[in-house]
Amino acid sequence: MIVAKTGNEAIAYAMKQINPDVVAAYPITPSTEIVQIFSNYVSDGEVDSEFVAVESEHSAMTACIGAAACGCRVMTATASQGLALMHEMLFIAAGLRLPIVMAVASRSLSSPLNIHGDHSDSIASRDSGWMQFFCETVQEGYDTLIQAVKIAGKAYLPAIVAIDGFILSHCQERIETLNDQEVRDFIGKLQPNYNLLDWRNPILVGPATLQDYYFEFKRSEIEGMNRALPVIQEVQEEFGKRFGRSYPVLEEYRCEDAVAVLLVMGSACGTCRVAVDRLREQGKKVGMVKLRVFRPLVHTLLKKSLAKFKAVGVLDRVDAVNSYGGPLFTEVGSVLYDLAERPRLFSYVYGLGGREFAPEDAMAVYEQVLAGKKDELVTYIGVR
Amino acid sequence: MMKLQDLAKNQELFSSGHRACAGCGEALAVRQILLAAQPRTVVTTMATGCLEIFSSIYPHSAWQVPMIHTAFETAASTAAGVEAAYRFGKKMGRITDDIRIIAFAGDGGTYDIGLQALSGALERRHRFLYVCTNNEAYMNTGIQRSSATPLGADTTTSPAGKVLPGKVQHRKNIMEIVIAHDVTYAGQTTVFFWRDLATKVQKALDAPGPSFLNVLVPCPLGWRHLPAETLKLSKLAVDTCYWPLYEFENGKYKVNYEPQKKLPIEEFLKPQGRFRHLFGTEEGAKVISELQRFVDEQWDLLHKKQALTNG
Numbered sequence: 001m002i003v004a005k006t007g008n009e010a011i012a013y014a015m016k017q018i019n020p021d022v023v024a025a026y027p028i029t030p031s032t033e034i035v036q037i038f039s040n041y042v043s044d045g046e047v048d049s050e051f052v053a054v055e056s057e058h059s060a061m062t063a064c065i066g067a068a069a070c071g072c073r074v075m076t077a078t079a080s081q082g083l084a085l086m087h088e089m090l091f092i093a094a095g096l097r098l099p100i101v102m103a104v105a106s107r108s109l110s111s112p113l114n115i116h117g118d119h120s121d122s123i124a125s126r127d128s129g130w131m132q133f134f135c136e137t138v139q140e141g142y143d144t145l146i147q148a149v150k151i152a153g154k155a156y157l158p159a160i161v162a163i164d165g166f167i168l169s170h171c172q173e174r175i176e177t178l179n180d181q182e183v184r185d186f187i188g189k190l191q192p193n194y195n196l197l198d199w200r201n202p203i204l205v206g207p208a209t210l211q212d213y214y215f216e217f218k219r220s221e222i223e224g225m226n227r228a229l230p231v232i233q234e235v236q237e238e239f240g241k242r243f244g245r246s247y248p249v250l251e252e253y254r255c256e257d258a259v260a261v262l263l264v265m266g267s268a269c270g271t272c273r274v275a276v277d278r279l280r281e282q283g284k285k286v287g288m289v290k291l292r293v294f295r296p297l298v299h300t301l302l303k304k305s306l307a308k309f310k311a312v313g314v315l316d317r318v319d320a321v322n323s324y325g326g327p328l329f330t331e332v333g334s335v336l337y338d339l340a341e342r343p344r345l346f347s348y349v350y351g352l353g354g355r356e357f358a359p360e361d362a363m364a365v366y367e368q369v370l371a372g373k374k375d376e377l378v379t380y381i382g383v384r
Numbered sequence: 385m386m387k388l389q390d391l392a393k394n395q396e397l398f399s400s401g402h403r404a405c406a407g408c409g410e411a412l413a414v415r416q417i418l419l420a421a422q423p424r425t426v427v428t429t430m431a432t433g434c435l436e437i438f439s440s441i442y443p444h445s446a447w448q449v450p451m452i453h454t455a456f457e458t459a460a461s462t463a464a465g466v467e468a469a470y471r472f473g474k475k476m477g478r479i480t481d482d483i484r485i486i487a488f489a490g491d492g493g494t495y496d497i498g499l500q501a502l503s504g505a506l507e508r509r510h511r512f513l514y515v516c517t518n519n520e521a522y523m524n525t526g527i528q529r530s531s532a533t534p535l536g537a538d539t540t541t542s543p544a545g546k547v548l549p550g551k552v553q554h555r556k557n558i559m560e561i562v563i564a565h566d567v568t569y570a571g572q573t574t575v576f577f578w579r580d581l582a583t584k585v586q587k588a589l590d591a592p593g594p595s596f597l598n599v600l601v602p603c604p605l606g607w608r609h610l611p612a613e614t615l616k617l618s619k620l621a622v623d624t625c626y627w628p629l630y631e632f633e634n635g636k637y638k639v640n641y642e643p644q645k646k647l648p649i650e651e652f653l654k655p656q657g658r659f660r661h662l663f664g665t666e667e668g669a670k671v672i673s674e675l676q677r678f679v680d681e682q683w684d685l686l687h688k689k690q691a692l693t694n695g
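Protein sequences, first through last, are from chains A and B. Count the first sequence with the working numbering and you get residues 1 to 384, in order. Count the second sequence with the working numbering and you get residues 385 to 695, in order.
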């Protein structure tokens, strides 16, 4: 069905179609509507879900963990300070290998307070053991949320599906939805790792470990993430085959014969497509590499792709405060380091707190990357 | 009336061989609670703390019932998630058994860091029993004061010094905070009074809404008493009216135990190293007298509440 929906509406609608067993959530701008709309589905009996309107994001994630440990398919949504408040529990969800799926309407972190879109919240959760998907469009957000439920269930890892706050969460797009049956057939039944409520076979979830076992637990969790990429690819391919829409983990846009590219995540990919088209009209050999999955880090794919170019500008919608460039930039630098011939790498931080990032801004960055000359380590785009 | 013989016939669901200190009141409480809960089926959660450390060090577990531990402040919010999953399973016909949920947390995890999660879970009326195994300080991290620590207690963050006589504030009244949530059942008890504890566990588990037990568990390490004196102190706490046994059920208060002779607070304080500095000084005597005044006032107030609610 073709409909007009905002990012939040599309995410909430996907949740309705997924019909999770338990949703525990708390309101926060710009993701509030997701929870609000979902509550309507609950009140109108359109979902089977138990909805727990908790008293904080910390309890939201904790209740999600409790329910998921009982073998339930569990979802939630949050943003910004909410995700920061959950921080402690994110690691526990991942450590217990619980396939919780969380929509994040990406937003900056205080202080100063700002409700608009950047990637500070998700990137600050980078090392928590959650898969992270960054979406370019509302359609991609809708499709990715459905895919993530299946991916998380197969990989036994929790997943964040991020849509840029306001830019996607509050902007209406034309999207194509699937019908309920298609969604439910696609995601299938969750096969949980364990079920706390199976009292005849009592288990202890979340034990204390000392120096003799902690490392092995963590190592096996790391291995789970190491093996997640084939699961993601398999589910994406199946989605593409069934519904005709596919999103590669890493997409190259007009990169054939390109000399300079930008590596981008999230809604700015759309902006960069426009910039690339305009520059290509001028005969400039530029392209864009879109990274859709930030965790697991697809280092082999990144290496293979980026090695082809002379210069790569890495766009981060978050700063890592005195790190050697933006967070994605430093990761890419590590990935490319052992290549005999490496592209030149440039770090750009853009769009903090929802600061506009227009095609003209992207074009200026392309010109700089093409010229291969930049004085400062990190360029902050559009800062007065 | 419950008989000890009946309780003894029940299955030990909290195994021996765990790593609690000798004389640990908390281990006794958990064992008694899981005995008293039978024949009901229980699924449990616990906060980070002594209990979690001494009962669950991988690859060992003392728990013969399902148990989940997530974090320190999360016994109630984890139970909320488990209860939501249970309700979902019941609603969808996937679960047919009757299961009760018990959350265990210490006083730090209840009075302090977990208070918000507890309040939320009570307000949402999840059907679960929340047990505070209360030893009146953060014992697991090395005896730091909590808001359950009594006036005058020497802890590592309210040390008795040249100027300050240990903790300078009274403990807070968690029972009233819980009761203000209009819980179905709330009870205060301690391990010496096994029948009182067992009866309260059963009432709490059968309550159709959220319920709460505040269980005083003497801690030889933190209170600095002999391990063999755990039960003696548990009884002295009640006989001095420092720890009244009472319950709140269907809107009514009931004092479950009236000591034949109300003992002076010194009887409870004296065997404990955490109060030793109060004896033999003028300043210390003032603190003891304030503690006595506080205990008397609370005891009196409790009876007034009882009279008021039983009209």
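These are computed hints drawn from the structure, not numbers from a lab. Hints are not guaranteed to be accurate.
So, partial list: chain A residues that the calculated Cβ filter (under 7 Å) puts toward chain B [claimed, not checked]:
{"hint": "1", "residue": "22"}
{"hint": "2", "residue": "52"}
{"hint": "3", "residue": "69"}
{"hint": "4", "residue": "70"}
{"hint": "5", "residue": "213"}
Taking lysine-lysine and the DSSO-like style, the derived pairs with C-alpha atoms no more than 27 Å apart in a straight line are [to be verified]:
{"hint": "6", "chain 1": "B", "residue 1": "474", "chain 2": "A", "residue 2": "16"}
{"hint": "7", "chain 1": "A", "residue 1": "284", "chain 2": "A", "residue 2": "310"}
{"hint": "8", "chain 1": "B", "residue 1": "670", "chain 2": "B", "residue 2": "636"}
{"hint": "9", "chain 1": "B", "residue 1": "474", "chain 2": "A", "residue 2": "154"}
{"hint": "10", "chain 1": "B", "residue 1": "619", "chain 2": "A", "residue 2": "189"}
Here a beta-carbon is modelled for each residue, glycine too, at the ideal position from N, C-alpha and C.
Hints, verified against the model:
| no. | hint | verdict |
| --- | --- | --- |
| 1 | 22 | holds, 5 Å |
| 2 | 52 | holds, 5 Å |
| 3 | 69 | holds, 5 Å |
| 4 | 70 | holds, 3 Å |
| 5 | 213 | holds, 5 Å |
| 6 | B:474 x A:16 | holds, 20 Å |
| 7 | A:284 x A:310 | holds, 14 Å |
| 8 | B:670 x B:636 | violated, 35 Å |
| 9 | B:474 x A:154 | holds, 25 Å |
| 10 | B:619 x A:189 | violated, 54 Å |
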